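A.B. asks: Guided by the hints, dock chain B onto chain A, whose structure is given.
Same order as they appear, the protein sequences are chains A and B. Count the first sequence with the UniProt record's numbering and you get residues 1 to 477, in order. Count the second sequence with the UniProt record's numbering and you get residues 1 to 477, in order.
Mixed in with the good hints there might be a few duds.
Note that identical chains are pooled: a pair holds if it fits in a single copy or bridges any two copies.
[What the hints assert, rightly or not] With a straight-line Cα cutoff of 30 Å, these simulated DSSO-like cross-link-like pairs (lysine-lysine) come out:
(1) 129 to 300
(2) 300 to 131
(3) 315 to 171
(4) 293 to 171
(5) 171 to 307
(6) 357 to 300
(7) 171 to 100
(8) 171 to 281
(9) 353 to 281
(10) 105 to 171
(11) 114 to 124
(12) 171 to 300
(13) 100 to 300
(14) 104 to 307
FYI, nobody ran anything at the bench for these hints, they're computed from the structure. Treat the numbers as computed from the prediction; the structure is a model and nothing was measured.
Number of protein chains: 2
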Amino acid sequence: MFGARCLLRAVRSCSSAPCPRHRPAARVSVRGALGVQSANGERVKVQGWIRSIRSQKEVLFLHVNDGSSLESLQVVADSSFDSRELAFGSSVEVQGQLVKSPSKKQNVELKAEKIEVVGNCDAKAFPVKYKERHPLEYLRQYPHLRCRTNVLGSVLRVRSEATAAIHSFFKDSGFVHIHTPVITSNDCEGAGELFQVEPSSKITVPEENFFNIPVFLTVSGQLHLEVMSGAFTQVFTFGPTFRAENSQSRRHLAEFYMVEAEISFLESLQDLMQVMESLFKTTAMTVLSNCPKDVELCHKFIAPGQKDRLEHMLKNNFLVISYTEAVEILKQASQNFTFTPEWGADLHTEHEKYLVKHCGDIPVFVINYPLALKPFYMRDNEDGPQHTVAAVDLLVPGVGELFGGSLREERYHFLEQRLARLGLTEAYQWYLDLRRFGSVPHGGFGMGFERYLQCILGIDNIKDVIPFPRFTHSCLL
Amino acid sequence: MFGARCLLRAVRSCSSAPCPRHRPAARVSVRGALGVQSANGERVKVQGWIRSIRSQKEVLFLHVNDGSSLESLQVVADSSFDSRELAFGSSVEVQGQLVKSPSKKQNVELKAEKIEVVGNCDAKAFPVKYKERHPLEYLRQYPHLRCRTNVLGSVLRVRSEATAAIHSFFKDSGFVHIHTPVITSNDCEGAGELFQVEPSSKITVPEENFFNIPVFLTVSGQLHLEVMSGAFTQVFTFGPTFRAENSQSRRHLAEFYMVEAEISFLESLQDLMQVMESLFKTTAMTVLSNCPKDVELCHKFIAPGQKDRLEHMLKNNFLVISYTEAVEILKQASQNFTFTPEWGADLHTEHEKYLVKHCGDIPVFVINYPLALKPFYMRDNEDGPQHTVAAVDLLVPGVGELFGGSLREERYHFLEQRLARLGLTEAYQWYLDLRRFGSVPHGGFGMGFERYLQCILGIDNIKDVIPFPRFTHSCLL
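This is chain A alone, in the form it adopts within the complex (with noise of 0.2 Å):
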């Protein structure tokens, strides 16, 4: 049998043979053409949109991208080939040789023999300027065309290399992949705003609600992925999560991916923080190893001196401390806070800058939270009179809270006792059976993976790490 590549490239190679009578030339991509080492005449072809165009007296110099890199490939074509449809958009069909560039910019260049406009591109109309660097801000309203830009390109293609990465880090480490669910019956942290889901006006189911029960998008897949815990020891998710939030911050979405862990036999904080700084900096080495030019990109025209914040945090370890600590930093800090720190209330977001500024930019766990604050699964400390959980949030700079997570509760009684008091025995029955039946010690956490690539890349607004944002007033497509 072929493998994918093999077959990939047989099937192109079949695809383009409109002309029995001539050898066909290999398609290749722009990638695998500039990632000739030493070209020599090689008959290819090469599809793609024309990024840029210049026309000399003899010579016509056309900059082809097929989004399967950032670079563009260089084809050198006699003036003759010269055309008003060879244009900035069009897409485009060149036959010729691969031979080395006298340039310095590129190591191969294309010698056209056969230049086939494909598709027009209506230039007045196209929203996306020949030799225009245009704000994000402004692409944004055009999200059917947004990739076709260099910045847009680079962030997914980042975006798709992180993904692998991620999914190839908990493989690797014996995870096993669950898909949880979208819709559910139960709001885990009965915190984030929901949203609720109904076949739309054009059905009639006899029931008044689909499932008969009222049914919400996720906001997390920590529950259901603590019972698949309870059968496969290490396991994570990676998918959509949704919060009907009235939010239009640079680090707020409706729907947006998280990156969810959940590890029995886990007994301690410090094993928690481990995998968690180890995902980080994996991830980030992996995509810094295979997209390179794409990181370049973004930190040299979108996010100067990101790089070296980067390699800061990437070359450190990362720091602890409590929530009592870090209430008590607040509290000696010169700054002004808009919220006044004390013991037992939020952080906020100016905090957490103020935090992670204090501790050199390095990346900082804040563990050990006040059991007011948060929810009902997390392990108590059972410490006093300053009541804590076992919980762990991990701030970075210019992003703030990246992952959140703890110990969860696994004693049945203690367990029992917080929902009994919360009036939640009965919903969470199912939960509490899995403390009936071979509890184990364990504990998980997720984190924001647009708000990872914004650390990354040291993008300012989610908007723009999202193929499709989703925010409060706008669903565009």
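C.D. replies: Okay, now just chain B, sitting in the frame of chain A:
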């Protein structure tokens, strides 16, 4: 820097040191222990759940499973370890020496030095009973516990492996992964029944709709992928999709997963079908090679004969017939159908079944369907008088329709006319835009992931191949 695998090992051995006086035993997974080639008394610690217990005069045998594999590790202990708490379903931590097993059933066993019961199991209340093979329907009542059975454990490990294999297939072939949105303001096919999304009553957003317009749960990521194929050439998505269909069938869910791909510069159904067949076969081969025991369990106890059926599918080239040929075959069938086969009418399940049987139980592509049956975006074949579009469905034994795909209409004027006829021009202006600015011939497909698992494993009901099934009248947890 540590690799992920390394670090997790370190994490584990660090967390397993409650008593600093003794050198801690290295924590290993059951899979890891069973994989030791020549056990030689290595001191290890294993954590998991008791799957069976057998007490002989002087020896106690336990089987401990941690979900890392179908197989459990045999623990051999002195009968002095016996206790009431050592029971089916309890969680335990066992320290001891890995030794060669005298039995032929396993290579390795663990000679226990220390056994600690971590969490008891209330056997009377536990719905999973010792040594009983529960029907899958029975287990569906317990979505929080059924993953602890052999069958669901195997199915979900296969699901995890298949997920990874699909990601690898596309990555190795140069596809960019795209997270297409779950919440969307357009209805891809106009076909499936939709779920509508609104903030739950808890929230008050001034406007009538949170997003200003009505929004729905996606029925397909295709149109969003088409956007992205105009930038990256080859793209795929693998995420949840939704249908509010009032169906209790063994092939339908309200929430299910689709693998979708879109390929630019693709000019023939032949090329598309090659990618589809390759995805099917490559994924199956990877699963068979990475979790043979899990697959074997299903083939042996759930679907006898499925092993041969699968091999038959994998070693043969898939067949191709046109819709017109399919109708002819059906018309000539001796079988009486509930729905009389006729050119222009949809193929029903009974027809699909017959066609697959007729083709010798080899998966069969049916191509070129009547234009009137298919959505607006499929490419017009400009034939006649029986007017067709370049659509393709893949029918497979046992499941019926597994893939659906088509060439897309890339010609502006063709698409414009189709949309105008449907009164959709305004709503799909953005989609027309893709044909105004560097349009290219392209095509794509979607594969129902749960149906794929059903087809590979021979699982009859789709509710048993997804962790938390959602269907009419049921949304547990």
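A.B. asks: If a hint holds in the structure, say so; if it does not, say that too.
C.D. replies: We went through each hint and held it up to the structure:
no. : hint       : result
1   : 129 to 300 : within (21 Å within a copy, 61 Å between copies)
2   : 300 to 131 : within (17 Å within a copy, 63 Å between copies)
3   : 315 to 171 : both (24 Å within a copy, 29 Å between copies)
4   : 293 to 171 : both (27 Å within a copy, 18 Å between copies)
5   : 171 to 307 : both (28 Å within a copy, 26 Å between copies)
6   : 357 to 300 : within (23 Å within a copy, 60 Å between copies)
7   : 171 to 100 : between (41 Å within a copy, 28 Å between copies)
8   : 171 to 281 : both (16 Å within a copy, 21 Å between copies)
9   : 353 to 281 : within (21 Å within a copy, 51 Å between copies)
10  : 105 to 171 : between (39 Å within a copy, 28 Å between copies)
11  : 114 to 124 : within (27 Å within a copy, 78 Å between copies)
12  : 171 to 300 : between (33 Å within a copy, 27 Å between copies)
13  : 100 to 300 : within (28 Å within a copy, 59 Å between copies)
14  : 104 to 307 : within (25 Å within a copy, 57 Å between copies)
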